[in-house]
Each structure stands twice: as structure tokens, then as C-alpha cells.
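**Student:** Below are the chains, spelled out letter by letter.
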Amino acid sequence: MPKQSPIADDLDRPFWEAANNDRLVVQNCSSCNRLQHPPQPTCQECGSAANLGWREMSGRGTIYSYGVVYDTPVAVMQPDQPYNLAVIQLEEAPEINMYSHLPGSPVDDVTIGSKVEVVFEVTAGNGQKVPEWRVVG
Amino acid sequence: MVDITTPPAGMYRDKEGMGIWPHRGKVAAVGIGHSPTARRWDERPETSVGALSLLALRNAMADAGITGDQVDGLVVVPDTTTGAYWPAGKVVGADFLAAFNQTNDVLDGIAKLSPEWIIANMPELTNLKTAWSAGGCTSHALVVAAEMVGSGAAHTVLVVKGWHNYTGRYYQGGANAEPTSSGPTKWSAPWGGPACYGTAQQFQRYMMKYNKTHEMVAPFIVNSRRNGLMLPEGYWAQHRPEPITADDYNNARWVAKPANLYDNDIPIMAAGAYVFTTAERAKDMAQKPVYILNHASDRTRARSLALTFDEVEAATDSTGRKLYEGAGIQPSDLSFENMYDGFGLFHIFHIEGLRYAGIKRGEGVDLFQGDISIEGSNPVSPSGGNIGGGRTRFWLHTDTMQQIQGRAGQRQITKKAEIGVSGGPTPTGGNFLIWSATPD
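Heads up: the protein sequence lines correspond to chains G and Y, in order.
For the first sequence, my numbering assigns the number 1 to the initial residue and increments by one for each residue that follows.
For the second sequence, my numbering assigns the number 1 to the initial residue and increments by one for each residue that follows.
One chain only, chain G, in its complex shape:
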């Protein structure tokens, strides 16, 4: 569904470039072996910037929770209300989460704990792809 296009910056450009290539990556501190999302200038554990890199994820996850949006302040989304908005936990890193509209799932027909898989969706504003998640199985 239509949504705002994120604009990459120097900090998060690898995330968005990976998305444009249908890959999901998450920032990782190789010293702490710790993932963090959204990306930060330093590791939130050790405070270092020197060991930050990117790790590719499997693209599998679980619905942690969800809501159904009826009154968004974001103009581009208002014609499509109501819509699902879920919190997705990554399979290999449940402490990392992302939002999803659950494309393909009927409105308010969502089960917490369902397995999902990442897809990449083109946004209209600047063509940037964003990760989205579809229920599988």
C-alpha cells in the first residue's frame, strides 16, 4: 500500500541499498556480537563505532503484536484506512523488531505468533524499497 519513501543518509544507507536489492540487513557490532535496529552511530552496548557493520538476516519472523489503524496523521496513508500495522520480531534475533502492514492479510484478521517472511515493496516518493512482511504457512 502507498507509504512515505524513506530517505537514506550516511548512517543507514547500507540498510536501504540492501533493501533495494531485496536483502534484509541489520546493523551489528562485531565486538559485542550484538544486533541493533534502527541503526545508531555507535554500539548501544560498548559505545564503539569502530566495529559496527551489517549482517544479513534470513527474512523470517513472527508477529509479536498488531493494531488496526483507523486515524493516521500521515496523509499518503489516509485513503487506505483502516489497515493492519504489526510489530515483527526477526526469527534469529527476536529482540529486533520492525513494522509491517502485513500485505495480503485481511484487515483485523491477524494472529499473534504467526510466521511471516520479508518482501520488499517499492515506495512512490523516490522509488526506495522498504521491507514488508507476509504471513506464511
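No lab work stands behind these hints: they were computed from the structure.
Heads up, a few of these hints could be off.
Across the chosen pairs, the derived CB separations fall in these ranges [claimed, not checked]:
no.	chain 1	residue 1	chain 2	residue 2	range
1	G	A49	Y	K416	54 to 62 Å
2	G	G104	Y	G370	38 to 46 Å
3	Y	Y85	G	Q40	21 to 29 Å
4	G	E92	Y	A314	19 to 27 Å
5	G	E91	Y	P331	33 to 41 Å
6	G	A49	Y	A314	50 to 58 Å
7	G	T111	Y	G83	31 to 39 Å
Quick caveat, the model's predicted, so the values are computed rather than measured.
Just so it is clear, CB atoms sit at the ideal spot from N, CA and C, and this is done for glycine as well.
Since chain G is already given, all that's left is putting chain Y on it; use the hints.
**Tutor:** Frame of chain G, contents of chain Y only:
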């Protein structure tokens, strides 16, 4: 010369194991002042957020029976927006600028509030020595004021929080009207969750985990509006004295299901002010002292993008433990609770963290199915909170003081009001206080 600064970073009691608060029972609230409320600013100087704040401050001093020369400390919350921002390019009226002693920021007193602006417009504060700018909301300012008095930085302190609200729907326009998103919001704005979405998805998880329903919240919302209509300082009592029923709640439009219209509060114009002083000086003032037994803060940050319900449960459990530890009391010592409710659904998370009225995790909405009224043995939100009085985040504190002073009027709880708790705003990132009729 007044020393104007921000509160010392180390003053917050944000960890467990800190023991009894060193100033327990040595700081007291003695005065309360409010402005009238309004839905939106009508653009007259005398109804600006600055003017409302001056009125509230002077009402608080009069309530405490003190004069300006007795005040040596000031705590001001600089943030005044409900979510409404001064339109870009809009010129500030000459009548406003002429009505007040302005700082070098023309929006001071209209869209923000600095200690400098208050000081410039309160010449009666002739002995003011220390002023702290405490960002956020009243709960933060009161915690800061408690430390200002407790530490001896000042002896008699004024605290003020004002709110401005303009015409139009807030959060609409600006970045939300753009086709692209940059900055930190790029991770969330493209998915379009409204402000209450975070609480909504946490409550969804709550319902799943504990097998509860949204309808079980209705008695809380009905009770809050009932109490709010007995709060003469509040918006609903002053402008729209309309009770709501469980049917009203259960049939209200969704904003972000499972959060509906009544799970959100109404943005208003208002100001609230308080007088804090030492327990010793409080004895000579006009109102019965309300002693502060402890304060605590939570500084939880989400591990990832969305704050999860698991993180909220951990944070509120910790807040409860910190509050009781520092005050030297048990949950059963609370006569009532006034935790924050804007959004209404997270009031449940707050009171479960406190183990209020003997509840455990997952039993907050069960409590609502019993008697939570001011007449009962477990009063819930006797102030009515934001739900019952409009978005100020200070009715909870006003009511807690008034209950303990025995001057809550129609809202006075039937049981004896000896110890109360109030604070917020959110279950994470909030500031909280324990209040008592006696210092020990």
C-alpha cells in the same frame, strides 16, 4: 541574579537498591494553583499559555498563603505544546508583545515557556535565587522540585506547567503531509501509526497474554469521566459536563484498534502550578502539608524500534519496587492511586506494576470489574486524570495533594486518604512520587 540552569543529571532515583530517599518526609507540597481551561487558544494575550501560567503561579502562592518575596526557587517546564505547533511564518500579535515583558524569543509565552519569561513577568519574586528548566511534563518538574528543596538548593519553590493548543488537528501537516520521510521517523512514519499505536499494540499483546478484552476497560473510562466531572478545575467539568457510559465507550470509533477515541485524551489550554517547601516551613503555611516520601524515575529505552509489552511490564514492575523501597512502604499502604492515563490503556500497566490493591500481572482489568469508585476501598484515578479532565498530565498530582489535604470536594475518597501515588507520563520514561499525610 537568578541562577538559571537545568536540573543536576544525578538527582534521579532511576535504579533499584538506592534505599530510603534521604529527604523522605522533609519536603512538602503546600499550594496548588490553576488557570481556567479552554479547548484552544483564542489569540488574546490574557489567554496565552504564558498568561495562564502566571495566573496559576499566583493562585498557587495565594493558596499556600505566601508572597513572592518568600520564594527562592522556580521550576518551569519549557515545553507547552499539546502537539500543536506555531505555524511557520505566522506573525506574533503586537498586542501579545505589548502585554508582557518579552524575552528575545517572540514565541516565549505563546508556544513555549522559559524561566526567563516567568521571571520577567513576575516582579514580585524579589528573592528568587535558583531556577531550573525541567523538560517534559509536570511529573518531571515535581520530582525536580522535591530534590531542589530536599538538597537545600532552595527552600520554597514554585513549579509551573502550561499547555497551548491551537486551531486545527494536531500532528497533521508538516512532515506527515510529505511524500518522503527522513530523520528518525523514517523507521516508523512510512507505516503511519498514530500516537496511540504503541500503547494499542502493547495492549493487544496484554489481551492475548492474559485472555482479556477491550470491553473490560470500560468501567475504568466511565469512572474516570465521572471523577473528572467532579474536578472543577478540569476541562470536561468546565465546558462539557457529559457523563459517558460503557456503551459509549464500547461503540466509540477506533483510532488504532484496540485503542478508541475514549482511550485518548482531549488536548486543551491550561496551566497548573504548585508550591513546595521544607517540612518545617510548611507548618506555617495556609494549607495542610502533603509530605513527599519518595520519588522515582524510569529511563527504559526500547531495545529496538517498537517498545514491546514485555519491556513495559519489566519497567513498571521496577518502578513499583523503586517507589516502595525509597518510601519504605508496601503496596497495601496506598490509600488510592493517580497514575497517568493519557493513553487510558496504559493506566493498567502502571497499576499492575504497583501491585495496587493486591493485583498481580494480568489482573488490572479484573480490578475494574469491582468497585473502583471514590466511595470504594480501592479508588482508581480519583482525579479522573487526562481522561476526565483533559490533557494536562497534572490533574493526577493536584488530586493527590487535595485528597490527602481533605479538600478534594465531591471527589474526596470515602476511606481515609493517607498515602497516595501519582506520576507519569508513559510507563517507561516517567517520573513518579509517593505522597503522605504524615512525614514518617
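**Student:** So which of those numbered hints doesn't the model satisfy?
**Tutor:** Violated hint: only 6; rest satisfied.
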